[in-house]
Amino acid sequence: MLIDQFPAIVVAVPLVAAALCAIVRNETACWLISLVVAFLCFVGSATMLGQVQEYGVPLSYKMGGWAPPAGIELRVDLLSGYLLVLVSLIATAVLIYGRHSVRAEIKESVRGWYYAMYLLCMCGLLGIVITGDAFNAFVFMEISSLSMYTLIALGKDRRALAASYQYLIMGTIGATMYVIGVGLLFTITGTLNLIDMAERLAPLLDTPAAIAGMAFVVVGLSLKIALFPLHLWLPNAYAFAPSAVTAFLAATATKVSIYLLMRYLYTVFGFSFAIEQTPILEVVMVLSLAAIFAGSFSAIFQENIKRMLAYSSVAQIGYITLGIALANAPGLTGSLVHIFNHAVMKGALFMLVGGIALQIGTVRLSDMAGVGKVMPLTMFGFVLGSFSMLGVPGTVGFVSKWYLAIGALENGWWWVVALLMLSSLLVLVYMGRVIEVAFFRERPEGAPPLKEAPKSMIMTAWVFILACIYLGFDTSFTVGVAQQAVDVLMGGAQ
Amino acid sequence: MRGHLILRVVSKLLIPFLLLFALYVQFHGDYGPGGGFQAGVIVAAAFVLYALIFGLRATQKVIPPALLEVAVPLGVLIYAGVGVVTWGLGGNFLDYGMLDSHDPSHGQHLGILLVEAGVLLTVSSTMLLIFYTFAGRGR
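One line per chain: the protein sequences are L and S, in this order.
Position 103 (the first sequence) corresponds to 103 in the numbering used here; numbering is contiguous.
Position 83 (the second sequence) corresponds to 1083 in the numbering used here; numbering is contiguous.
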């Protein structure tokens, strides 16, 4: 049956296609290959998620015909299926969106390589999500990270190189920490399969090696997630990467690491252990709240809009990890829903900013005076995206914050709810600044004439903006799948 | 490069044995420690030694950078191609046992041989390409 091969297809086909692109290196051919492959992965992921939902049993794939736990297992359950759909969807959309932007921002000689790296990055991200093997996840993490460093370094600005290098150093430290943690867990359990590890770890949880392993894994992944205060690589990387790359990374890269963190905290170490015997969730909660406020405050003072949105991402990641720290069903649902919602709205905002960058040539706030009048579609989309970030009812931002607030109330943490409300005001301040400059200021005398960004860019961004509103009303997909996935997580190893 | 007679003679003597040793490490990988990664680095080291003694230009005449840029993804294609073939034969991805219809263990041998060949190609060309990039700076 072909569907039995789908788990391997979504990882292997992008890898083959990446190698093909690197040989062909013709821009149009590479773009077409990438688009077809990304769309194929999306269809495959959606089919697998549908399959898992319908039959209620995870799909398990024996890589190379070797049975787990000795062999590498690819495993699709509700949670990983949900993330697979998200990553492949965003990858497809950014390819449609990014054609013009890539032409404007990336030198012709390396555009073929760009698509090769993009596919590799997608292969790595999908691989992290789909694999059921701790070390295999590390390998895919390296594939995605190394290609990501390359993608960021392709930015037009010279500072892109420094940003990429900074990310390389921090990312490598994170990956090293992760692999040290996996090594410790491997020495005491003798297995790398995550499900098997969870079973064997259960009687060993209070050993120093298990606790040290947990600490290494959590810190390593926090670096990849850019959880405050380990977020310092993120603003520059997002600000100086090519626009299409920023849209792709902001929507997928950190989300995939958050997925892995959830897997470890809830599946491998187990729900009860993580809460009752270690202070890890308290630590994550304090850091999440710090991220929300530090990120939002920093965003207010940014002159570069991409940097501003990047700091806002640091804050939004705080919301997602806050849901993990709440450790109850509504909180985790909020967290999972926000993974999807944030990807959609931040993806849309970065896409719109990419259009502005293409037309104006800069992303400085001071150059955007009066842009709202000449690029109404872009800026109107930006306003709707801002509403969503703010959490206005009827947008996706509201849905996730609602579940987070319920989760906080269930724990009796009413002050967390108050802080959530307060943080929305900060969003109003930094998004409001952009809207004020774009709509209520005149364009300076003698400014070059401007027109809207190319149709493909506007349309993709608008599909996402409309999705922000649609998914704000019809939550059956996001909340539906998230709630089922939470049951899987809270139930521990399945 | 004139002069440095000893360096030139010794390296010319050494390079064939380096390449041979690389092949030994490569094929030893089927049964024990060794394989494409280690062998790839040794192959690259042989060419780096040649470049250090006889110059970058002479080395690039033998192996032009454009060739390496194709060889790097080609190795990946050989590796993944084996997986695609096992798909075609009705097995799981990289299920080498499928490669031989009579005896799966022969298929395992063949599979690992091909995959390691892909690794050798990619690793050696990547190492050499990194060397070219650094050595070629400022030219």
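Some hints here could point you the wrong way.
[Stated by the list, open to error] Ranges between beta-carbon positions, derived for each pair:
hint: 1; chain 1: S; residue 1: 1088; chain 2: L; residue 2: 54; range: 27 to 33 angstroms
hint: 2; chain 1: S; residue 1: 1064; chain 2: L; residue 2: 440; range: 54 to 60 angstroms
hint: 3; chain 1: L; residue 1: 469; chain 2: S; residue 2: 1033; range: 55 to 61 angstroms
Bear in mind the hints are in silico, worked out from the structure with no lab data behind them.
Values in this document were obtained by computation on a predicted structure and should not be read as measured data.
Cβ coordinates follow ideal geometry from the N, Cα and C atoms, glycine included.
Evaluation of the provided hints:
| no. | hint | result |
| --- | --- | --- |
| 1 | S:1088 with L:54: 27 to 33 angstroms | holds (29 angstroms) |
| 2 | S:1064 with L:440: 54 to 60 angstroms | holds (59 angstroms) |
| 3 | L:469 with S:1033: 55 to 61 angstroms | holds (59 angstroms) |
When the structure is compared with the earlier hints, no violation turns up for any of them.
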